[in-house]
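> Sequence:
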Amino acid sequence: MPDLPAVETNVSLRPYNSFGLPALAQRLVRVHAPEDVQRLLADPDLAAMPKFVLGGGSNIVLTRDLRALVLKVEIAGRRVLARRDDAVIVEAGAGENWHAFVAWTLEQGLPGLENLALIPGSVGAAPVQNIGAYGVELKDRFDSLDAIDLQTGAALTLDAAACRFGYRDSVFKQALAGRCLITRVRLRLPQPPTAVLGYLDLERRMADTGISHPTPRQVYDWVCEIRRAKLPDPAVIGNAGSFFKNPVVTPEQCRDIIARDPAIVHYPMADGSFKLAAGWLIDACGWKGKSIGQAGVYEKQALVLVNRGQAIGGEIVTLAQAIQESVYGRFGIRLEPEPVVV
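Each residue of the sequence shown is one higher than the last, beginning at 1 in my numbering.
Keep in mind that the hints are not guaranteed to be accurate.
[Unchecked claim] Derived CB-CB ranges, DEER-like:
(1) Ser212 <-> Thr318: 41 to 51 Å
(2) Ala154 <-> Gly286: 48 to 58 Å
(3) Glu35 <-> Leu200: 22 to 32 Å
(4) Ala82 <-> Gly329: 34 to 44 Å
(5) Glu225 <-> Gly289: 17 to 27 Å
(6) Asp201 <-> Asp149: 18 to 28 Å
(7) Gln108 <-> Val236: 29 to 39 Å
Honestly, the hints are just simulated from the structure, not real lab data.
All C-beta atoms, glycine included, are put in the ideal place defined by N, C-alpha and C.
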């Protein structure tokens, strides 16, 4: 049997989470191929340890050291898998940087992911969260993925139905939470390409520039500009992007809130419900720019919580809970965090 991958001990996870929070991994293995996981699971001692899958670290809040075997996913590779009349199938290793992968597809002349540019994290984490931005969700472009069952070592292939995608949700946050390590992801880019331009920020760019039919590269550039203006660079200010999900309410709830706060930002959904802008709710409660300890609310976007320098995970959680209580007290809406608290 080939050698086991190297097992590192007491590894600092500060460089591997976008909040820059302090924590140690008791043991850490860098996974470069699916076979690495299967070799680990064949070792009785390592197989018996609890496992924690770590991708880009952009969707976690570390509040403690991890007394587990941390599987740091570093599986690389990008390729065009198939060209069909109605779509092109592209594949990427789970350890690839998501934004770099989006840029690569455009360089290949394959649009379809431009609305999802500059979302932090890895390709393997994208289906877990069902990432989305500017009118497009990952499920809209998803084909299938490969994974390893961390209990049995079996190789799995899941299609969109098996992934049970929801709003910032999937089977990997529900029934398969902690059970699978995603190794490769395949996406379906429609042919001919169809631009998604109905999001308010993009409509404003079209109006400001006079460009009614932007190219995929223009949409990509606009999305990058918009995100950079709103969101801090994790390399400069620790953060996990949007911290709370935008709540979805019934038409009756929306009418009630509008009656009290006519300026509330809201969007109609296809099923008749309404999505409310969580950042607006937080800002309306006066949280923008405020801090608890070293954890703060970003001055330019109330939806983003930041590490002001030496924050610990507990401070981020305390701030998030205070915001939740404040929003619930004023609007009767319970905000749900996007990142996983560990």
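> Look at each hint and say if it fits the structure.
Tested hints:
| no. | hint | result |
| --- | --- | --- |
| 1 | Ser212 <-> Thr318: 41 to 51 Å | holds (47 Å) |
| 2 | Ala154 <-> Gly286: 48 to 58 Å | holds (51 Å) |
| 3 | Glu35 <-> Leu200: 22 to 32 Å | violated (46 Å) |
| 4 | Ala82 <-> Gly329: 34 to 44 Å | violated (53 Å) |
| 5 | Glu225 <-> Gly289: 17 to 27 Å | holds (23 Å) |
| 6 | Asp201 <-> Asp149: 18 to 28 Å | violated (40 Å) |
| 7 | Gln108 <-> Val236: 29 to 39 Å | holds (30 Å) |
Of the hints listed earlier, those the structure fails to meet are numbers 3, 4, 6, in rising order.
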